[in-house]
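Work out the full structure, taking the sequences as your base and the hints as a guide.
These protein sequences, in sequence, are chains A and B.
Numbering-wise (the numbering used here), the first sequence opens with residue 1 and increments by one.
Numbering-wise (the numbering used here), the second sequence opens with residue 336 and increments by one.
If you're looking for bench data, these hints aren't it; they were derived computationally from the structure.
Check before you lean on any hint, since a few could be wrong.
Said to hold, decoys possible - Derived DEER-like restraints, expressed as beta-carbon distance ranges:
#1 B:Q475 to A:E187: 35 to 43 Å
#2 B:D613 to A:D203: 34 to 42 Å
#3 B:K532 to A:N65: 40 to 48 Å
#4 B:K532 to A:I302: 51 to 59 Å
Stated by the list, open to error - To be clear about the criterion: a stretch of chain B counts as covered by chain A if any three or more of its residues have a C-beta under 8 Å from a C-beta of chain A, and this derived list gives those stretches:
#5 522-533
#6 544-558
#7 599-610
Glycine included, C-beta positions come from ideal geometry on N, C-alpha and C.
2 protein chains.
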Amino acid sequence: MNKEIQLVKRPEAAPTHEHIKIAETERPVPSQGEVLVKLLYVSVDPYMRGRMSAAKSYIAPFQLNEPMEGGVVGEVVESKADALQEGDIVTGMLPWKEYAAAPADTLRKVDPSLGPVTTSLGILGMPGLTAYFGLMDIGQPKEGETLVVSGAAGAVGSTVVQIGKISGCHVVGIAGSDEKLAYLKNELGVDEVINYKTESVPDRLEEACPNGVDIYFDNVGGDISDAVYPLLNKFARIAQCGAIASYNVPNDQGPRMQMHLIKSSALIKGFTVGDYQDQFKEGFSHLAQWLQEGRLKYEETITEGFENIPDAFFGLFEGANLGKQLVKVAEPSQK
Amino acid sequence: MNKEIQLVKRPEAAPTHEHIKIAETERPVPSQGEVLVKLLYVSVDPYMRGRMSAAKSYIAPFQLNEPMEGGVVGEVVESKADALQEGDIVTGMLPWKEYAAAPADTLRKVDPSLGPVTTSLGILGMPGLTAYFGLMDIGQPKEGETLVVSGAAGAVGSTVVQIGKISGCHVVGIAGSDEKLAYLKNELGVDEVINYKTESVPDRLEEACPNGVDIYFDNVGGDISDAVYPLLNKFARIAQCGAIASYNVPNDQGPRMQMHLIKSSALIKGFTVGDYQDQFKEGFSHLAQWLQEGRLKYEETITEGFENIPDAFFGLFEGANLGKQLVKVAEPSQK
Chain A
1 MNKEIQLVKR PEAAPTHEHI KIAETERPVP SQGEVLVKLL YVSVDPYMRG RMSAAKSYIA
61 PFQLNEPMEG GVVGEVVESK ADALQEGDIV TGMLPWKEYA AAPADTLRKV DPSLGPVTTS
121 LGILGMPGLT AYFGLMDIGQ PKEGETLVVS GAAGAVGSTV VQIGKISGCH VVGIAGSDEK
181 LAYLKNELGV DEVINYKTES VPDRLEEACP NGVDIYFDNV GGDISDAVYP LLNKFARIAQ
241 CGAIASYNVP NDQGPRMQMH LIKSSALIKG FTVGDYQDQF KEGFSHLAQW LQEGRLKYEE
301 TITEGFENIP DAFFGLFEGA NLGKQLVKVA EPSQK
Chain B
336 MNKEIQLVKR PEAAPTHEHI KIAETERPVP SQGEVLVKLL YVSVDPYMRG RMSAAKSYIA
396 PFQLNEPMEG GVVGEVVESK ADALQEGDIV TGMLPWKEYA AAPADTLRKV DPSLGPVTTS
456 LGILGMPGLT AYFGLMDIGQ PKEGETLVVS GAAGAVGSTV VQIGKISGCH VVGIAGSDEK
516 LAYLKNELGV DEVINYKTES VPDRLEEACP NGVDIYFDNV GGDISDAVYP LLNKFARIAQ
576 CGAIASYNVP NDQGPRMQMH LIKSSALIKG FTVGDYQDQF KEGFSHLAQW LQEGRLKYEE
636 TITEGFENIP DAFFGLFEGA NLGKQLVKVA EPSQK
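Take a look at the structure:
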């Protein structure tokens with residue numbers, strides 16, 4: 001039998017176990033051109049919360065009573081396609097099933113020589129590319145500018161702060177635990193760190209940004225962003241990557257911020273990594289190079305066990321993870 | 336004696352007569368390089384509300400117990416500068432005094448052959464340039480796109496809707512009286528009009544924008560903008576010109592909008608006309624050409640009398656004006 005994780009009810013606020021069911025189904029049989037993949041690692045990401053709602057967005061909602069899906073790393077265990085062979089390690093978007101079938105051309109073969117295979121779900125995958133394009137294209141960092149990053153210790157944020165340092169910025173990272181702050185400061189070289197759970201973000205931001213804010217890479221929204229807007233410098237740029245503080249709050253209200261944009265002639269640009277599909281190769285090659293040169297580091301929080309995917313996902317909204325949150329669901333086969 | 340209008344108290348909410356005093360002072364004497372100007376027309380503009388507050392912005396606050404200032408058209412009645420002669424009509428930023436002295440090089444001589452001298456405070460002045468650069472640079476209008484304009488019957492908005500039509504857009508104008516709507520539709524050729532005071536803006540916007548919203552030129556903010564955000568198309572552009580709905584509301588709150596930007600990969604860019612100072616000549620020549628070709632029209636609401644400047648200014652926040660709100664304070668001298 002084949003376990004899968006289904007969405008059975010759409011959450012209004014925070015997702016919990018009542019919205020999800022672990023079901024047992026038949027193991028799928030690949031058709032011609034498809035492969036059967038044994039899932040090894042599953043990525044859980046904040047954006048998936050959006051797909052649990054029925055509202056139209058940049059990506060279709062999950063279907064009720066069907067498995068949720070997301071980025072995974074898996075092993076090909078049966079191939080009916082020429083492009084992939086049994087034993088190949090692949091990455092792609094697959095349903096949360098222990099074994100899933102998919103057309104071979106929707107999967108990408110992972111090159112294990114570039115780094116551990118999990119990096120294809122993190123720094124050499126969507127989170128890394130999200131960080132790269134959001135900061136480089138929207139943020140346009142220049143030497144000496146001040147970059148503020150919310151959700152700085154997450155998979156995206158921890159890459160942004162490092163590309164900010166590579167770009168010569170004064171980097172200020174906001175995160176939610178002293179362990180995360182220590183990691184940002186000591187391991188990643190972030191200049192100033194703020195614990196939004198224990199410190200006054202407006203006060204600390206003023207201290208940490210004596211020259212104002214030129215770039216804000218925002219994963220969070222909510223009152224952390226409210227505290228950043230008044231500090232924006234003339235022609236500041238905000239890369240609006242996420243708004244995790246609002247995802248579980250129906251009709252979230254806050255101070256209107258248009259006047260801050262007018263006062264500073266600032267820009268906010270929402271984006272998703274798919275906007276940059278045509279440039280993935282370029283982004284990927286920069287990230288891989290920096291990684292190999294030791295200029296980019298990454299951290300993973302790995303939960304074990306297929307059944308624990310939901311808890312790992314729910315934990316994102318409490319900031320439980322340092323770096324990329326993954327779930328290891330199986331060992332690769334012995335060759 | 337020389338009347339002037341002073342700021343005597345900073346407003347928290349809407350400005351009223353308690354914040355303003357009409358004082359009598361000496362008529363100034365121009366120094367070398369200066370001219371004495373008799374004010375003919377005074378421009379009152381929503382942005383001046385910001386200068387009445389002490390908060391730092393893109394332009395310095397007005398000083399307490401000093402005259403307010405703004406764009407004017409006046410006549411040189413005494414010159415101690417080679418560049419200007421008695422009888423010249425000039426425009427520039429001057430204090431609200433019946434007669435004001437200023438360095439000649441801070442004033443621009445008005446060419447009356449281009450149109451009535453009042454156009455240098457409207458369609459051939461800051462409001463026209465604001466409309467031009469906000470729409471063309473931030474909005475980037477393309478044939479067949481949908482452009483929504485709030486404050487559509489004001490000095491800026493009524494120019495934006497017309498440049499939108501010249502650019503081939505489906506133009507939707509939002510304003511606050513049936514007289515304004517009739518003007519937008521019948522005189523300016525706006526495709527769809529919405530009365531935000533008597534109609535449901537969200538419902539009417541959905542009807543008026545069957546293909547969603549590609550460009551939003553926002554003069555207003557507040558709940559009109561809240562209704563536009565959900566309709567944004569992929570890669571929509573918002574030119575954030577003003578937020579008059581928030582100017583008189585301390586700590587104005589509303590739905591957080593970051594998620595709309597993410598869902599549609601949309602952009603909001605705040606701006607002021609000064610950002611485009613290096614390109615004024617280009618903008619001016621486009622506007623003057625369209626005006627002479629009869630492709631741009633304009634309307635003025637002219638209040639009479641120096642003492643009525645404050646009421647004309649206060650009226651902006653109730654939407655009293657159609658097109659550019661001016662105050663005529665004197666007749667030019669007979670030559």
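message = Can you tell me if the region 522-533 of chain B counts as covered by chain A, using C-beta to C-beta distances under 8 Å and a minimum of three residues?
response = Result for this restraint: violated, n = 0.
message = Tell me if the beta carbons of K532 of chain B and I302 of chain A are separated by a distance inside 51 to 59 Å.
response = About 57 Å separates the Cβ atoms of K532 of chain B and I302 of chain A, which means 51 to 59 Å holds.
message = For the hint 34 to 42 Å, verify it against the beta carbon of D613 of chain B and that of D203 of chain A.
response = 38 Å, holds
request  = Tell me if chain A covers the region 599-610 of chain B under the three-residue, 8 Å CB rule, please?
outcome  = holds (count 10)
query = In this structure, is the beta-carbon distance linking Q475 of chain B and E187 of chain A contained in 35 to 43 Å?
reply = 42 Å, holds
Given coverage of the region 544-558 of chain B by chain A, checked by CB-CB distance under 8 Å (3 or more) = Answer holds; 3 residues pass the 8 Å Cβ test.
C-beta pair K532 of chain B, N65 of chain A: status relative to the range 40 to 48 Å that was hinted = Since K532 of chain B and N65 of chain A have Cβ atoms about 46 Å apart, the given range 40 to 48 Å holds.
The structure is inconsistent with hint 5 alone, although it conforms to all the rest.
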